[in-house]
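Colleague: This is what each chain is made of:
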Amino acid sequence: VSLDPFNAFLYRNDEKGDWRVAVKDVIDVAGMPTTAASKVLHRVPDRDAECIARLRAAGATIVGKLNTHEFAFGALTNSPHFGPALNPWDPERTTGGSSGGSGAAVAAGLVEVALGTDTAGSIRIPAALCGVTGHRPTVGLVPVDGVVPVAWTLDAVGPLARTADECRRALEIMAGRTLQAEAPRRIGLVTRLFEEANPAVAAVCEDAARLLGDAEPVELPLLDEIATITQLVMLPEAAAVHTGWLRTRLADYGPDVRARALAGLLLPSTAYVTGRRARNWVRSSWERELAEFDLLVAPAMPIVAPRLDAVPPDYRLLIMPYNSPAALLGLPVTVVPCGLVDGLPVALSLTGRAGEDGVTLAAAEQFQRQFEPEAPRLYTNPVSADERS
Amino acid sequence: MGTESSLVSALREQARQQGVEPTDEDLEGVLEFLTRILPALADIEERLPPETAP
Chain A
7 VSLDPFNAFL YRNDEKGDWR VAVKDVIDVA GMPTTAASKV LHRVPDRDAE CIARLRAAGA
67 TIVGKLNTHE FAFGALTNSP HFGPALNPWD PERTTGGSSG GSGAAVAAGL VEVALGTDTA
127 GSIRIPAALC GVTGHRPTVG LVPVDGVVPV AWTLDAVGPL ARTADECRRA LEIMAGRTLQ
187 AEAPRRIGLV TRLFEEANPA VAAVCEDAAR LLGDAEPVEL PLLDEIATIT QLVMLPEAAA
247 VHTGWLRTRL ADYGPDVRAR ALAGLLLPST AYVTGRRARN WVRSSWEREL AEFDLLVAPA
307 MPIVAPRLDA VPPDYRLLIM PYNSPAALLG LPVTVVPCGL VDGLPVALSL TGRAGEDGVT
367 LAAAEQFQRQ FEPEAPRLYT NPVSADERS
Chain B
-10 MGTESSLVSA LREQARQQGV EPTDEDLEGV LEFLTRILPA LADIEERLPP ETAP
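Chains as they are written, first to last, in the working numbering: chain A, 7 to 395; chain B, -10 to 43.
It cannot be assumed that every hint is accurate.
Stated by the list, open to error - Stretch-level coverage of chain A by chain B, calculated; a stretch enters the list once three of its residues show a Cβ under 8 Å from a Cβ in chain B: (1) 22 to 31; (2) 231 to 242; (3) 282 to 289.
Unchecked claim - Restraint-style ranges between C-beta atoms, simulated for each label pair: (4) A:48 / B:32: 25 to 33 Å; (5) A:298 / B:24: 35 to 43 Å; (6) A:24 / B:-1: 57 to 65 Å.
These are computed hints drawn from the structure, not numbers from a lab. A virtual CB, placed ideally from N, CA and C, is assigned to each residue, including glycine.
Isolated chain B, as found in the complex (with noise of 0.2 Å):
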């Protein structure tokens, strides 16, 4: 519970900096994306090709 709040307060941070209010609600869900997310992603930047450019 404590990790969940303090990271839903990074992201409340981070979308600050941009200009961004989010309610906690809005940030659970993304929190809940981006734990689904983050890890496909640590997994294709391990086997893409290095020399793969953008």
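Isolated chain A, as found in the complex (with noise of 0.2 Å):
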């Protein structure tokens, strides 16, 4: 029996503990090598990023590097030096990316915590596509040296684990510090994305909503605008990441990332400044228009997960509106799965203000307690009790 049948792992060792923590590939441990699920990138870091020596300062046993979309430049993790990691649910489905192994590992039960990153989506989109609990912490919560950077304004490095709880308990290590565990006291529900979802997938995420309490239909200012306001700002931060091994390594990137990053490369100058400055402008129309709500609920993701040789052309697009406007202001969202669809999980998004993860890790704790999300049908737990102890 292989002990990673869903291409979770790039990197494992075998320490046994009590809480096992497998780290994505663009995060740096002691000894074992990043690269980013790249063939461009390899180096072995003589030391722990500061997110990780504070988790094992308090106790964890790091056991791995995780599988991510190459350079975590991407939603689906199938990076073409290293193949796809694998849903747990349906190993013919994409986990979605740029954190796929994390999902994939935490669904499969390899670790009681993975950690992903998130620019644009990368730690929501496995959470909810693999049907774990994810956090995308409020940027600057948790600190990202020793991380490889996809843009630097937009990135956080954050937790997914079975639940909330144990999201939170990471998080507070990692943050050092602890956080809020109030409630929100108004709930807004973004009505767009749910009319826009798949519509089964929209009615799982309705009737779960409903749990949450009363909430009230809002309008997300700028909606139409924040997907491309993001990749304004995203892709020319990536291209400066990545100037010098476009010169001397472009042949070695995949072609989705090479594209992307080139793109970042050839636009406007002018491009990034109106990129920043509309993102105040987002900032300031959300702050005037949404003040009084403290969470915001929608669905995760629009679709169950795609078969990985059926991805929708237009994924990329479907998915944007869905993840880009907390990427875009940095703000903290928990996602919590909350049902199925054709045996395939589906998840809520908690958004909060900024550095309020505490409010949604709080929602998302109080959903938990009334709705426990299942676990895979395929389940498959190669490591015994035995080895973990």
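Got two chains here, each in a separate frame; can you build the complex from them with the hints?
Modeller: Here you go:
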């Protein structure tokens, strides 16, 4: 029996422990290779990223490095160099990405916690498609030193785990402080994102959202523009990260990541400035129109996990409205599994105000006291209790 | 066709000036992306309140 039937790991050690944590392979762990699932990067750091050091000090056993979309720069986890992560609910389907190995490892019960990174949805997408809980923190809450950047002003490191309680525990350790545990006072339901989702997905999410309490319909200001604005910020920042390698290793990139990095390089320079200005425009519109709401609820994804051989051509465009707003504004989001459609997981996203990570987690914890997510039907846990202790 | 080929040539030159040597296929992909995003960028530039700082 393979110890990793879902190709979740890129590197694995044989350490045992009660609190097993695996790490997306863009985050440095001392003595383990960091490759970002690329052919371009291979370093073996001699020190942990700060978030890893904090987890170790709190008793975590770091058991390996997890598969990711190449350079965490895409939403599928199908690196041409390391192969796709497979969804434990149906190994012929994508985990989503970019933290797809993290979603698969938690869903399959291979670890208690997996770390991911989220630039424009990369924790939330695999959490939703793999049926696990994930938390994208407020930008800046968790240190990102020792993490391969995608886009400096958007990147966040966060946990995926079975429950919001477990996410909170890991997040508080990485953040170095206790987070508030107050329930939200005013909840907004982002009706348009329900309307635009697959009807079966939307129906499951609507039923589940009722468990959160009374909610009012809201519209997200500038939602039609936000995906574009996010691209205007993200692509030039990513191109700046990769310029040196684009000069010397261009052919070693997978085609989709190469295309995105080149697009960032060749956008007019004013595009980045406009993107940054437009981000402030969006922020001030949100503050004006949504200031009273401390939780916004929507489907985390508009579809269930697509088959690996049938990813819709417009997959990225389809999912951007669900993922770009919190990315652009650096907001915290907790994703909670909330049911199944055709035997595949569906999830809600709970978005909070900047710095109020504890509120989205508290809402998720309250939700999970009423709703217990199912484990994958193809559940395979090759790590026995003996191996763990 | 001629216009597209001259746009690809312009992108190639812009990449070369930055020390990057993409293939024609790479540049056709970039051109497709730019064709989609540049009108959206122009629309945002037009509607962006002028006092908005970066």
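Colleague: For each hint, tell me whether it holds in the structure or not.
Modeller: Hints, one by one, checked against the model:
| no. | hint | in the structure |
| --- | --- | --- |
| 1 | 22 to 31 | violated (count 0) |
| 2 | 231 to 242 | holds (count 5) |
| 3 | 282 to 289 | holds (count 5) |
| 4 | A:48 / B:32: 25 to 33 Å | 42 Å, violated |
| 5 | A:298 / B:24: 35 to 43 Å | 40 Å, holds |
| 6 | A:24 / B:-1: 57 to 65 Å | 59 Å, holds |
Violated hints for the displayed structure, listed by number in ascending order: 1, 4.
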